Amino acid sequence: GNSVTQMEGPVTLSEEAFLTINCTYTATGYPSLFWYVQYPGEGLQLLLKATKADDKGSNKGFEATYRKETTSFHLEKGSVQVSDSAVYFCALSPDMNYGGSQGNLIFGKGTKLSVKP
Amino acid sequence: DTGVSQDPRHKITKRGQNVTFRCDPISEHNRLYWYRQTLGQGPEFLTYFQNEAQLEKSRLLSDRFSAERPKGSFSTLEIQRTEQGDSAMYLCASSFDGDTQYFGPGTRLTVL
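Going down the list, the sequences are from chains A and B.
Under this note's numbering, the residues of the first sequence are numbered 9 to 125, in order.
Under this note's numbering, the residues of the second sequence are numbered 3 to 114, in order.
Okay, chain A solo, but in the shape it has when bound (with noise of 0.2 angstroms):
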């Protein structure tokens, strides 16, 4: 089935540092791949996506690339900084061709970041 695994937290970083969330997923075909940020006290909030493999997602400083050749869609930031500490989401919609749903998101478990000043 459909799953996707993202490393475990908590990550603690210090402003300024380079920051990579790795996450793996398993799906049939080209799945949609989605992060999603979760600052404290708030709703989910799209932060990048890619719909293809070899797709870049952007968004805030933030990148990741669709790597169909290793399942994998990692955040990646250059330069942290402490507004940033939140949790992250990997998530995936599955590829309607194979059978995927269209309603459903699959995501990891999170991972927590925090920055410090």
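Worth flagging that the hints you see were computed from the coordinates, not collected in a lab.
This one's a predicted model, so the numbers in the text were calculated from it and none came from an experiment.
Among the clues, some could well be false.
Some chain A residues well away from chain B (every beta-carbon gap over 10 angstroms; in silico) [claimed, not checked]:
hint : residue
1    : 19
2    : 24
3    : 27
4    : 32
5    : 35
6    : 42
7    : 50
8    : 53
9    : 57
10   : 69
11   : 77
12   : 79
13   : 94
Some chain B residues close to chain A (C-beta under 8 angstroms, calculated; not the full set) [said to hold, decoys possible]:
hint : residue
14   : 18
15   : 44
16   : 55
17   : 58
18   : 67
19   : 87
20   : 104
Distance windows between CB atoms, simulated [stated by the list, open to error]:
hint : chain 1 : residue 1 : chain 2 : residue 2 : range
21   : B       : 83        : A       : 86        : 47 to 53 angstroms
22   : A       : 67        : B       : 58        : 25 to 31 angstroms
23   : A       : 91        : B       : 64        : 38 to 44 angstroms
24   : B       : 100       : A       : 79        : 18 to 24 angstroms
25   : A       : 76        : B       : 58        : 43 to 49 angstroms
26   : B       : 41        : A       : 13        : 16 to 22 angstroms
27   : A       : 28        : B       : 16        : 44 to 50 angstroms
28   : A       : 84        : B       : 9         : 33 to 39 angstroms
29   : A       : 71        : B       : 41        : 38 to 44 angstroms
30   : B       : 61        : A       : 67        : 30 to 36 angstroms
Yeah, the Cβ is synthetic: ideal placement off N, Cα and C, and Gly gets one too.
On the provided structure of chain A, position chain B as indicated by the hints.
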């Protein structure tokens, strides 16, 4: 448009009571989704609607759970005879067709 809204934001109830949550999607979105998120986990899909039709239900949605979207706009999620295991954050999301899902702030349910 202010995005997806949910009401209430917090609900505390006693075991055995019924609760109902409301979700108002982004106005032009025809799809509405419900998810459940427990502590330390990612959201898990419960059900979704296209307009007023409920098109898919997860196995997580037991017989005690029912969702409606009577006019294709807002939706309600009712839990009957609540159990302590129902304690979770209930998230609503909406989208236009199968495009990106936008989430509301959630309703946190605590069952005592």
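With a cut-off of 8 angstroms, does the beta carbon of residue 44/B approach a beta carbon of chain A closely enough for the hint to hold?
holds (3 angstroms)
Taking C-beta pairs only, is residue 50/A more than 10 angstroms away from all of chain B?
Answer for residue 50/A: violated, closest chain B Cβ roughly 6 angstroms.
Separation of residue 42/A from chain B, once the least beta-carbon distance is taken, above 10 angstroms
violated (8 angstroms)
Verify the interface restraint on residue 67/B: the C-beta must sit less than 8 angstroms from at least one C-beta of chain A.
violated (16 angstroms)
Is it true that residue 41/B and residue 13/A lie within 16 to 22 angstroms of each other by Cβ?
Check passed, 19 angstroms falls within 16 to 22 angstroms.
For residue 94/A, which was marked as not at the interface, is the minimum beta-carbon distance to chain B over 10 angstroms?
holds (14 angstroms)
Can you tell me whether the CB distance of residue 83/B to residue 86/A sits inside 47 to 53 angstroms?
holds (51 angstroms)
For the hint 44 to 50 angstroms, verify it against the beta carbon of residue 28/A and that of residue 16/B.
The hinted range 44 to 50 angstroms holds for residue 28/A and residue 16/B, with Cβ atoms some 45 angstroms apart.
Look at the Cβ atoms of residue 67/A and residue 58/B and judge whether their distance stays inside 25 to 31 angstroms.
holds (29 angstroms)
Once the closest CB in chain B is found, is it more than 10 angstroms from residue 19/A?
holds (15 angstroms)
Decide, holds or violated, for the assertion that all CB atoms of chain B are farther than 10 angstroms from the CB of residue 53/A.
violated (7 angstroms)
For the restraint on residue 104/B, tell me whether the closest CB of chain A is nearer than 8 angstroms.
With a closest approach of 7 angstroms, the residue 104/B hint holds.
In summary, the numbered hints that this structure violates are 6, 7, 8, 9, 14, 16, 18, 19, 25, 29.
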